[in-house]
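As they're listed, the protein sequences go chains V and E.
Note that the numbering used here has the first sequence beginning at 36, numbered continuously upward.
Note that the numbering used here has the second sequence beginning at 36, numbered continuously upward.
No wet-lab data here; the hints were simulated from the structure.
Where a beta carbon is used, it is the ideal one built from N, C-alpha and C, also for glycine.
There may be inaccurate statements among the hints.
Where chain E lies over chain V, by a calculated footprint (3+ residues, C-beta under 8 Å) [to be verified]:
1) 309-321
2) 332-345
3) 348-358
Negatives, chain V to chain E, calculated, CB over 10 Å [claimed, not checked]:
4) 47
5) 49
6) 53
7) 123
8) 131
9) 155
10) 158
11) 169
12) 181
13) 184
14) 190
15) 274
16) 363
17) 367
18) 385
19) 409
Letter by letter, the chains look like this.
There are 2 protein chains.
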Amino acid sequence: MSLKGFQFSAVEAAIKKPGRLDLALIFSQDPAQVAAVFTTNKVQAAPVVISRQRAANGSARALIVNSGNANACTGEQGMTDALECGRRVSELLGLPDDELLIASTGVIGQALPMDRFRKAIQPLVDGVAVGTLEDVADAIMTTDTFPKLERRRGEAGGVGYAIEGVAKGAGMIQPNMATMLSFLVTDAAVDPDFLKSAFTEAVDGSFNAITVDGDTSTNDTALIMANGAAGNPVIKAGTPEGASFLALLHDVLLSLAKQIVKDGEGATKFVEIRVKGAESHADAKKAALSVANSLLVKTAFFGQDANWGRIIAAVGYAGIPMDPDRVEIRFDDVVMARHGIFAGGDAETAGTEVLKQKEFTVTIDLHIGAGEAAVYTSDLSYDYVRINADYRT
Amino acid sequence: MSLKGFQFSAVEAAIKKPGRLDLALIFSQDPAQVAAVFTTNKVQAAPVVISRQRAANGSARALIVNSGNANACTGEQGMTDALECGRRVSELLGLPDDELLIASTGVIGQALPMDRFRKAIQPLVDGVAVGTLEDVADAIMTTDTFPKLERRRGEAGGVGYAIEGVAKGAGMIQPNMATMLSFLVTDAAVDPDFLKSAFTEAVDGSFNAITVDGDTSTNDTALIMANGAAGNPVIKAGTPEGASFLALLHDVLLSLAKQIVKDGEGATKFVEIRVKGAESHADAKKAALSVANSLLVKTAFFGQDANWGRIIAAVGYAGIPMDPDRVEIRFDDVVMARHGIFAGGDAETAGTEVLKQKEFTVTIDLHIGAGEAAVYTSDLSYDYVRINADYRT
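Isolated chain V, as found in the complex:
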């Protein structure tokens, strides 16, 4: 009962440096429905421009992706290079050009090393007979310290199907989009419009609810290919099968999103920031992101310092309605502040114990409404600085 009709391949093209997989291929034996979300950055890498256009057709057969070079801010040459790479792959696979999607991640502003790319394409296509999704997860890593992969199985009309996905993240992680790259595949047959709406909804509650450093990259791409090879009756909106598919999809995306935060550059803590009692969900999310992105809050997490004052200050400048005198702040179950002031008792000691854990939840209850939201973030450590000060060297 494994995923049907998809093949995978990954090779070492030595795009940035040799010694690792850095070019991957996802191939669907049959045409697949596609839903995709791309970066909101006005500066968009060549592969994003190309894939956005092609994904708009609603179907695709294959995707190539490289790490080590973002092919962003590379002008006409970058576009020419991306198109050539795509054309070489689609020729070997016997596909029309626009059935192939392209993604890149890595350093911005440097031309693709086309000589090495060209040499790698034949082995890449040859490899589809033997590659795995794990290989793809490996090949898309940049400063990631572990590959990110998730699998779920569902059923529609008595027929089993799979949803599987990979992601890479590490830095430049911020809504919208939160991840740099994530690719999902499913052999379920899914109504095209429902696939799009379900994917957008699931991305909002997962990739768009995580933040590492507040930067939004030029290359962010998340997409799903659904090829129907499982042979199930088509899954549609407004049905139990649709609800079940959406739930599984959300599970896969949230798991990948959390893996990205846990592997945030230099992260030593995984923190859920939960805001309750806001006037609206949008306000709650804005406040949660303000806290999650505050350098003072993130360094306090790293220092295991139960400094709830920095948290209430970050809510205060989030630009949402609030009454400081009603705010309650909890670290897991420990009430740190009530009515906007220190809760007293052993809160300092108990709160510090919570912060010594690798994972904990900060709950901020504004007590003025029913709006809620959760975002996931990491702390800010020496290693974040080291990794990003040295990245290109």
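With chain V held as given, fit chain E onto it using these hints.
Here is chain E on its own, set in the frame of chain V:
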């Protein structure tokens, strides 16, 4: 020809710890006009609430300020404590309560150590005969590594006057307001309405054009007291004397603002981010702040990595109109990118040399309009993390 009619005092109250000046007083022998700007954070410290109200009267005689404790998120007790401190000082000085302004900076969420405060007030008031503005600059420091002070002299109607000021900053530095605390004094006679408009304008081009970490504190306060003791004809808007006063005021504030950035927590670089060719000044400033606050840009500065791609990416998510294909980026005089792509030649080597300096300018020309703005920022170093992870301990 020194500043007339102001006296200063600073004492050791041991508010957070002993061994340093931490409580200061500025006293004007005559009533002074006041203009003030306060934090936009919805969470406001007790002294901010009190001083905002009192400054609205337009005149004051004295200011007390402490470091080591922000008296923020301290509820009713914090308000009671601040009022008591103020009352004790104003009684000793023989002033109505509302002629005294109050400011605090330091840790959030802890009650003021009132016993130590009470003991320190008599010596504080006694000290006005001997203290200096330098003492005040020392007393307001928290994680600052050097005191921040600036002085300028002007002339109006043949009469000389002085504008002098102090500031403290270090962390939580972000428009609006950029500084945590800054106090200016002038012995010039200034029309009250002009004083307010000139101060607001000068703050916009100085404190509101710097950023260290994007956090806005609960205690930010900048104010000027003008007591007219110089005896000049009143300086008014729309006159050469008014223009000259505004220019001097801007000089003092910009100097203090730059000192704050240079002393940003852990800062090893002072960087001017200049955006040109935007559709408007507001767009230019938004883009400049987006670049200045990007962790990836700031860590690249720290690493002396000529990574212009992170800069164009930060402009791309600033949310302003731009055409990536027109963007030009310079490090001092070295063109790093033109038409949105790498400029080639020896730009990499030459750009890296620029970044090895302690101070440099990044110019981003969007080439779509005439809007310009400059902001000043620091890099993000290991020490920023160390300082903020350990601040309370």
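The hints, checked one at a time:
{"no.": "1", "hint": "309-321", "verdict": "violated (count 0)"}
{"no.": "2", "hint": "332-345", "verdict": "holds (count 9)"}
{"no.": "3", "hint": "348-358", "verdict": "holds (count 6)"}
{"no.": "4", "hint": "47", "verdict": "holds (24 Å)"}
{"no.": "5", "hint": "49", "verdict": "holds (21 Å)"}
{"no.": "6", "hint": "53", "verdict": "holds (22 Å)"}
{"no.": "7", "hint": "123", "verdict": "holds (23 Å)"}
{"no.": "8", "hint": "131", "verdict": "holds (28 Å)"}
{"no.": "9", "hint": "155", "verdict": "holds (23 Å)"}
{"no.": "10", "hint": "158", "verdict": "holds (29 Å)"}
{"no.": "11", "hint": "169", "verdict": "holds (29 Å)"}
{"no.": "12", "hint": "181", "verdict": "holds (21 Å)"}
{"no.": "13", "hint": "184", "verdict": "holds (26 Å)"}
{"no.": "14", "hint": "190", "verdict": "holds (41 Å)"}
{"no.": "15", "hint": "274", "verdict": "holds (38 Å)"}
{"no.": "16", "hint": "363", "verdict": "holds (12 Å)"}
{"no.": "17", "hint": "367", "verdict": "holds (19 Å)"}
{"no.": "18", "hint": "385", "verdict": "holds (15 Å)"}
{"no.": "19", "hint": "409", "verdict": "holds (22 Å)"}
The structure fails to meet hint 1 from the earlier list, while all remaining hints are met.
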